[in-house]
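Undergrad: This is what each chain is made of:
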Amino acid sequence: MFLTFALITLLGALSLAFQKNLVVAGLCMVLTFFGVAGLFLLLANPVAAALQVIVYSGAIVVLVLFVIMLLSAHEEEEALKAHAIQRWGSAAAALALAGGAVKVVLSSSFLRTPPSPGIPPPMDLGALGNALFKNHLAAFEIVGLLLLATMVGAVVLVKRDL
Amino acid sequence: MEFLARLLHLQPQTFWMIAKVIIVFAGPLTLAALLTWVERRGSAMIQDRIGPNRALLFGRWRLLGLPQLAADGIKFFLKEDLVTADANKALFWLAPFLAFVPAMMGFAVIPFGRSLVQGGQTYHMSLLEPGNGMGMLYPLAIGSVAVYGILTAAWSSNNKWSILGGMRASAQMVSYELAMSLAVVAIFLRTGGYDPHEIIAHQAVLWNVIPQFFGFLVFFVCMFAETNRLPFDFAEGESEIVAGFHTEYGSMKFALLQLSEYVHIVTAAALIVTLYFGGWQVPFVAAPSVTLSIAAFVLKLVFFCWVFIWIRWTVPRFRFDQLMFMGWKVMLPLSLGNLMVQAFLMYRRG
Chain A
0 MFLTFALITL LGALSLAFQK NLVVAGLCMV LTFFGVAGLF LLLANPVAAA LQVIVYSGAI
60 VVLVLFVIML LSAHEEEEAL KAHAIQRWGS AAAALALAGG AVKVVLSSSF LRTPPSPGIP
120 PPMDLGALGN ALFKNHLAAF EIVGLLLLAT MVGAVVLVKR DL
Chain B
0 MEFLARLLHL QPQTFWMIAK VIIVFAGPLT LAALLTWVER RGSAMIQDRI GPNRALLFGR
60 WRLLGLPQLA ADGIKFFLKE DLVTADANKA LFWLAPFLAF VPAMMGFAVI PFGRSLVQGG
120 QTYHMSLLEP GNGMGMLYPL AIGSVAVYGI LTAAWSSNNK WSILGGMRAS AQMVSYELAM
180 SLAVVAIFLR TGGYDPHEII AHQAVLWNVI PQFFGFLVFF VCMFAETNRL PFDFAEGESE
240 IVAGFHTEYG SMKFALLQLS EYVHIVTAAA LIVTLYFGGW QVPFVAAPSV TLSIAAFVLK
300 LVFFCWVFIW IRWTVPRFRF DQLMFMGWKV MLPLSLGNLM VQAFLMYRRG
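Keeping their order, the protein sequence lines are chains A and B. Quick note on numbering: numbering that gives the first Met the number 0 labels position 63 of the first sequence as 62, and the sequence is numbered without any gaps. Quick note on numbering: numbering that gives the first Met the number 0 labels position 223 of the second sequence as 222, and the sequence is numbered without any gaps.
By construction, these hints were calculated from the structure, which means they are not laboratory data. Treat the hints with caution; some may be incorrect.
Here are the simulated lysine-lysine pairs, BS3-like style, with alpha carbons at most 27 Å apart [said to hold, decoys possible]:
hint : chain 1 : residue 1 : chain 2 : residue 2
1    : B       : Lys88     : B       : Lys74
2    : A       : Lys19     : B       : Lys159
3    : B       : Lys78     : B       : Lys159
4    : B       : Lys328    : A       : Lys19
5    : A       : Lys158    : B       : Lys328
6    : B       : Lys19     : B       : Lys88
7    : B       : Lys88     : B       : Lys78
This structure is a prediction, so every number in the text was calculated from the model and none was measured.
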């Protein structure tokens, strides 16, 4: 099961990166998000899986596809050739992120002391709410403030004559 | 239950699991097929005309036009399968499945009857067992990916009308999803849980439609937007953009797109019944028998399916700016206000 979902995620991501057609690339992104949702399910976190599908597959990619359809009716013009510095910069950024992720996994305490066998109870909405509003309240509020600032910025940029 | 299982040499649990899969897939599909008949006869009734009644079974029986269903099915199978030259072939083929699969999946979480206790075993009347952690988030998630069928169909047809329809569908989807989810969250608050079994058990005394009337209004309207039915069928909009996202579709692919719309109606009606009309609860009967509870659920379900058709042939279509106005300036504030009032009441109660 893990391999299936991991393969779905990886193949979706790879075809997203190499797909020339924007709308097909968007659909590949949906596939990737579904793979990640499946991985969440395997981690006994159905709430995260459901939210992943609702927010990312359901809302964000629909919006992205809407904009793609709005801007270019069907056939896209040839994309600009990427500059060498962009290519190397993005490769370096991806490598740094991957290295960081691997380091976090390797330094996890679960690797030294395997968790007790048996199936843990699945996460539910109540536990998620407690985690957000009790343990990580400051981070939650800061993220909310950041999103609000982004929204105000977007409105100001678009509506010059308020 | 045990008798039937022994007949097939299966464990009762295994037998019930298989039976549930069949019920959950065949039930909505059958109802959807019947709805296409109800829609045409019902619209004829509402508009004071006769409607389709010429198809005869074995050249003899008219059966109120029901043989029309079989005639349509045969026609769809035998029609030539046209794909336009400039369409994106792979996506054009994929789109009807992308529309149909989510439509069929949504019903899995709905309890269609009271749980049966027999021989020390509890048989739950929903495909997903209670306490799976997904609860009512599941139909919301499935509903939010349903739009991809329309989007893919619209874009792959390579037709200006179709793309217009697809864009309308995605804009409409994003605008109405927010208000709908907030209305459902108010139900979660009121119940103190988000599993459909809990939500139904909590409505034993009072159906949610009375204390949550505004939430119900918002959810009801959003369901029309989600199922792309008149007065919200902008993706199709036949008087403005030919047939919208399925302009280029014919034969069985068109039938699948159409059928998935009707399955969506069944799922939407089931959600309305579960969230606001007590699911399988029977009014004034404290503990209905299993058969009675299933009958009550099916009766409510069929009634709301009829409401969807009834409204389609009664209310004219909105304009697109009216749709956006209503989504963002009426439905969203109403839903948010409903949620705030519910939260305040819970805070007062402690």
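Undergrad: I'd like to know which numbered hints this structure contradicts. Please list them from smallest to largest.
TA: 4 and 6
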